[in-house]
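Protein chains in written order, with the working numbering: chain A, 44 to 516; chain B, 44 to 516; chain C, 3 to 194.
No lab work stands behind these hints: they were computed from the structure.
Some hints here could point you the wrong way.
[Claimed, not checked] Between beta-carbon pairs, the in silico distance windows are: (1) Thr355(B) <-> Asn83(C): 43 to 53 Å; (2) Lys224(A) <-> Gly266(B): 40 to 50 Å; (3) Ser92(A) <-> Lys357(B): 53 to 63 Å.
The model shown is predicted, which means the values in this text are computed figures rather than measured ones.
Just so it is clear, CB atoms sit at the ideal spot from N, CA and C, and this is done for glycine as well.
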Amino acid sequence: ASSVIERRAEAVFVNVPKTEVSQFEPRNSVWGENYPREFQSYYQSADTSFASKYNGSQMIDMLEIDPRLVVLWAGYGFSRDYSQGRGHFYAVDDIRNSLRTGGPTNETDGPQPSTCWTCKSPDVPRMMQEEGVSEFYKGKWSRLGAEVVNPIGCADCHDSKTMNLHISRPGLIEAFERQGKDITKASHQEMRTLVCAQCHVEYYFDKHKAEGAAYLTFPWDKGMSAEAIEKYYDEIEFSDWTHSMSKAPMLKAQHPEYETYSLGIHAERGVSCADCHMPYKSEGGQKFTDHHIQSPLNNVANSCQVCHREETAKLIQNVYDRQDKIIENRNKLEELLVYAHVEAKKAWDLGATEAEMKDILMGIRHAQWRWDFAAASHGASFHAPIETGRIISTGIAIVGETRIKLARLLARKGFNQEVSYPDIATKEKAQEFIGLDMKKLKEEKQAFRQNLLPKWIETAKKREAGYDKKVGM
Amino acid sequence: ASSVIERRAEAVFVNVPKTEVSQFEPRNSVWGENYPREFQSYYQSADTSFASKYNGSQMIDMLEIDPRLVVLWAGYGFSRDYSQGRGHFYAVDDIRNSLRTGGPTNETDGPQPSTCWTCKSPDVPRMMQEEGVSEFYKGKWSRLGAEVVNPIGCADCHDSKTMNLHISRPGLIEAFERQGKDITKASHQEMRTLVCAQCHVEYYFDKHKAEGAAYLTFPWDKGMSAEAIEKYYDEIEFSDWTHSMSKAPMLKAQHPEYETYSLGIHAERGVSCADCHMPYKSEGGQKFTDHHIQSPLNNVANSCQVCHREETAKLIQNVYDRQDKIIENRNKLEELLVYAHVEAKKAWDLGATEAEMKDILMGIRHAQWRWDFAAASHGASFHAPIETGRIISTGIAIVGETRIKLARLLARKGFNQEVSYPDIATKEKAQEFIGLDMKKLKEEKQAFRQNLLPKWIETAKKREAGYDKKVGM
Amino acid sequence: MKLILHLLPPKPWRFPVLLIAGIFIGLFFFLFYVSKAYSYLSDNPETCVNCHIMSPQYATWNHSSHRRYTNCNDCHVPHNNVFNKYFFKAKDGMRHASMFALRLEPQVIFIHQAGKDVVHQNCIRCHSKLLLDPKLVSSVKNQSVHATDRVCWECHREVPHGQVNSLSSTPNARVPLPESPVPDWLKKAIAN
Ligand SMILES: [Ca+2]
Ligand SMILES: [Ca+2]
């Protein structure tokens, strides 16, 4: 009887906030004092045990399982280290650990700009408010190492007064403005996607906007499709890097999750990111949002089955089927791109001229862009399988045309046969093939972790100890 | 509430069947005496006014709107004439009118076998029962011109005693048997798809099964995917024709509607062909099956909206979006195939050897097969967009590799430049380019229509006048 | 009379046994009262919402065209005979009540096969006039089977609960929430 009384009472129970939280409070545990359910579920993203067929909450060393990536990114940071990521809880750890951020020895050292912090922590809005946005984007990544220490959290998505969803990053607001859209008019349901679109989007660093700043910019002025963004980059003649073998002016696509999602049927039907990745949960008549953001395949009951009356195994199979069908051709495109880079290098070696190579290099740029757009968005083969398949097809067509041109050019230079495919059976072989000194890179990282990193953590601890509100949990 | 009572009252009317119908009764109007609602709705398929973006109930001369097809099918009947078809009502008219069936002058003349009648009429089961199946498949199309005169109808799908759905054609039953499946175990819901799968499937004529017969066979022994069927054909070294330019041993895909549908989400969720193409309709307090088989876009309310509560315009847009995305790349593949045929011809002209051409011709065969599999199924870009996109992608990859080989081969033969794209801006130009004498073909058809066809119709009328049951409507 | 006497416990035991039996009977009635179990004998939809976890279904039904003509039991319990009706109700009721008390309910509740069959028969019960054309039924052998063998809501996916199903799917709906059985003063006393 007591449990029945209790359970009936549940439905009427109401929660009252206890702690006054400032908007720029970066510590999740402080917010968590008021919202224990959300906080506890958020911390479940520390669990890295779930693995799905292609994704999941463990780190996956993508270069290890697919060494062709090393060749595609030759000359660029990603060829050193690239992983399929894990939960928000690890955002700060992982950017510190990545070989892409190198081994800075002081706050003006290292390969990356401070902008890299932008999507990793609620310390970012705090610093932006302190320094100003353009200032934040200036200098090296190492400059803010002692400031940005709390992993992605409440302040990134919430207004501290009302707990409404809000946009804490300028990049998205600016992109909307340039498109003539007013983000403050977004509906509640749209906000359940737009908070994610602050980070899960393709971006580049605009070096011209503010002197000395790597200004975080979303390339959506002409639209959000792969083609529209490609056109945008072509017109401003932007490239992320020059490929070390083919010399093509390359583009890197980064997690265009929001862009691809937008072209899928779920977006069309008004389903938001949060509907699948943060489904509502009801515990004892109290409804709350599950803040354990993760692959929905670890939580099919609450995410998919709310809308689909199918068995769990079948829904998971639906996801895998889509991923398999897309990834089959994405892999093919990847292989063709390796060939193209190797063949282009051969052409240069045989004395091809800039003029002869111009179209070919543009072909490689465009084909690889499309591949990357489809690959970098880990959810795309499910979020928008038809669109993702379409993009890959156009990529395969472009690389095909390009390799025909290469075949003719090589023949003209006296080399009329297949260029042999490199031995890149493992990550190590591939990295050696493109001439990376991995031992050195790893040692530098190690030195950073031993010398500079502990200082950052020390400084941050001291600073936070001085905040008004002490952590009381 | 009163209207509910009223509507229920409508239904209390009782009636007893009037006409005894034999299983081999080919005349729909006879069956229609018993089932006026179904009959009347069936005859609405005579209406050809509806047009959707890519399909609809009008005839669309596909060679007119896309002359590249003429080149793809050079040397084969389809380059003469190919239309996007119309309702079942026209099945007999259209096969008589098509230039593909030529202008026979007597019953042993003409380019096509009698097998061509198989999917056009309820006179077919009648004749098969009379002659035997292998006998039916023997001889020329013209042999049965006076026998097969009623368009697709009741006897094709129904058992006359029980009105249960049944399979009237041997092809499907045999194919199931060879796959080790028992079609008599099919559920009622599966039958709502399988009656269509008697005709809306890929097929070929097996010339070895019975002496002198073009035995209608479905190539599903290894599976129903594009790859599995391709493998089946490769292993038996089957080809529909040899391309007149490239000399490739080609395959023609014909309306693999059932095969592609099976790989889409609707099939996965148990939605049958009849659910969309023959939805229930209610008239006078009675629900019955709408026998006006047509594009569901002309009947969104009863077909899609019972399951999807979306606006009509939106659902139609969903269909068009899928078609657009698929057809974009299908068109690209088509263009690349035109190039490949032209380039292969050039290689032969420059003295290429069989050995040099072998892989190239297989590449053309496989790439065009995949294109055709995606194109010949008019519903595929909606029925299974993800799978259809996947198939097209593999086709683009194959034709790309093939054209690289061609480029190298041509260079070796001293021709290292682009082969120019033919002027095939119109159907006429394209047909001239491949060397068709259209004037002659049209004249032959005209002569057939004036001389032989009236005799067929006359004979048939006499025969039917002798049937026990007179038409009484 | 003799039988009753025979069933009575020996004298010294009578008082404690009566006491214990009384407590059990009292508890039973209390539970029956507090969980409003008595209401389950009725067909009133509000009674199903005694468990807040039935709210989404109440809310969706309440906004559907079926609200005017049907209550939950029209669909969810058999109507072929009275015994079956109460037997099914009791069986289902017991499972639901115990799962509820033990907090075993899933986040997204799925109807069970037995329940499906019952609902399906009820759809047919009400709509048979529309489904079964007497002319066809008399002339076409399996017409009645073919017109009714497939679960109706495979096509009529929104009838009557819509497509979004979850304990949390209709948070703001006006569902007749049960009043709290805990008095206000007690609540205040317990708070903090
Ligand atoms: Ca992951
Ligand atoms: Ca048509």
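Which numbered conditions among the earlier hints are violated in the structure presented, ordered from lowest to highest? 3
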